[in-house]
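Enquirer: So the chains spell out like this:
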Amino acid sequence: DTAVSQTPKYLVTQMGNDKSIKCEQNLGHDTMYWYKQDSKKFLKIMFSYNNKELIINETVPNRFSPKSPDKAHLNLHINSLELGDSAVYFCASTGGRTGELFFGEGSRLTVL
Amino acid sequence: GNSVTQMEGPVTLSEEAFLTINCTYTATGYPSLFWYVQYPGEGLQLLLKATKADDKGSNKGFEATYRKETTSFHLEKGSVQVSDSAVYFCAAKETSGSRLTFGEGTQLTVNP
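From first to last, the protein sequence lines stand for chains L and R.
When we follow this note's numbering, the leftmost residue of the first sequence carries the number 75, and every step to the right adds one.
When we follow this note's numbering, the leftmost residue of the second sequence carries the number 36, and every step to the right adds one.
Extracted from the complex, chain R is given alone in its bound form (with noise of 0.2 Å):
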């Protein structure tokens, strides 16, 4: 089955600094890739998401590259917000059948 690593946190930010979290996967096929960003008391929601190698996510500031040939997903944003303090989470589907596998989860807190 698919596996999501994350890079540990959590990660302290000051406002406008550039963040990167990274994020790689092992997988048997070509998974499609996704970032979820769960705010303090409230479910995950979807960010961005990619469904094929060298594909770009991006939302709300924040961008991520499928790239296969280092198997990794990495998020950026180039300029943090203090409502971006959350915890963000890395996610691999199979190819085949409905099982998202997330990774470890990091928490981001973005000082003002």
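Bound conformation, chain L alone (with noise of 0.2 Å):
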């Protein structure tokens, strides 16, 4: 009964592929968010969805494109993979007024 679920925890792959990441909650929440970690643990906002429609877009290269493909579901592909995309990418979502977040436990990418 995991809130907020990413897939795959752990992801090692060669320069220049493509990869994707998923996530799913199952809060009942509207919006959800990805963000990346980097090795000295800062967090930055990369895109945010509500209701399907992306609200945040930072500025992240466009190799990254999410997908919505509903309310609970907000996934993460990545094109032509850089050594520097190497990092933990967390998925979380919110659905109160509060604004707390709920997060996912993350998915380790390693470009080599």
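Be careful, since some hints might not be right.
[Stated by the list, open to error] When the alpha-carbon atoms are kept at most 20 Å apart in a straight line, the in silico SDA-like pairs for lysine to any residue are as follows:
id, chain 1, residue 1, chain 2, residue 2
1, R, Lys103, R, Thr86
2, R, Lys103, L, Thr172
3, L, Lys110, R, Thr86
Calculated from the structure, these hints are not laboratory results.
Here the structure is a predicted model, which means the values were calculated and not measured.
Please assemble the complex out of the two chains, which come individually in their own frames, going by the hints.
Expert: What follows is the structure, given as structure tokens:
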């Protein structure tokens, strides 16, 4: 009964490959996010969707493309992976006025 | 937009020591304020929150008070335990919209 689940948890791949990370939440929330956490633990918002519509799109290379097929799912596809894409990617969701975010456990991407 | 500044880490303490992690914010309105905790290998989880000036959030022995006059939300605990070792993030949510802005994170290590 995990609230926010991400797959895969670990991903090791070569430069130039294309990969996807999937996220699902069963909390009935309307808004979902992707965050990138670098090796120094700094968290940077990448995208946010509300009811399948993109509402936050930070300065992220267009190799990164989010897709929200429905409000419970937000996937992240990354084309032409680069070494600097290595990080932990966190999915999160929120649905209440308090603004509390519920995070997944993260997907650690390593680009070789 | 909002910005959040946390005291630099890492912080290393002995068990039962007093903990303070400083956090200040800048915002145009009156944001909601949060502390999140990230245990090793896990996603972030909400530790405590405060939604208006002079509110005190508390949980698991941790406390933080929303100080509008000093734009601060410092995290305190009177007696830390080894199990408190984690990364702590201060965050602010703008009064309108769903963006949550995080501080840089502070790594806390508690030694027995």
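Enquirer: Evaluate each hint against the coordinates.
Expert: Evaluated hints:
no. : hint                 : verdict
1   : R:Lys103 to R:Thr86  : holds (11 Å)
2   : R:Lys103 to L:Thr172 : holds (18 Å)
3   : L:Lys110 to R:Thr86  : violated (26 Å)
This entry does not satisfy hint 3, going by the numbered hints stated previously; all others are met.
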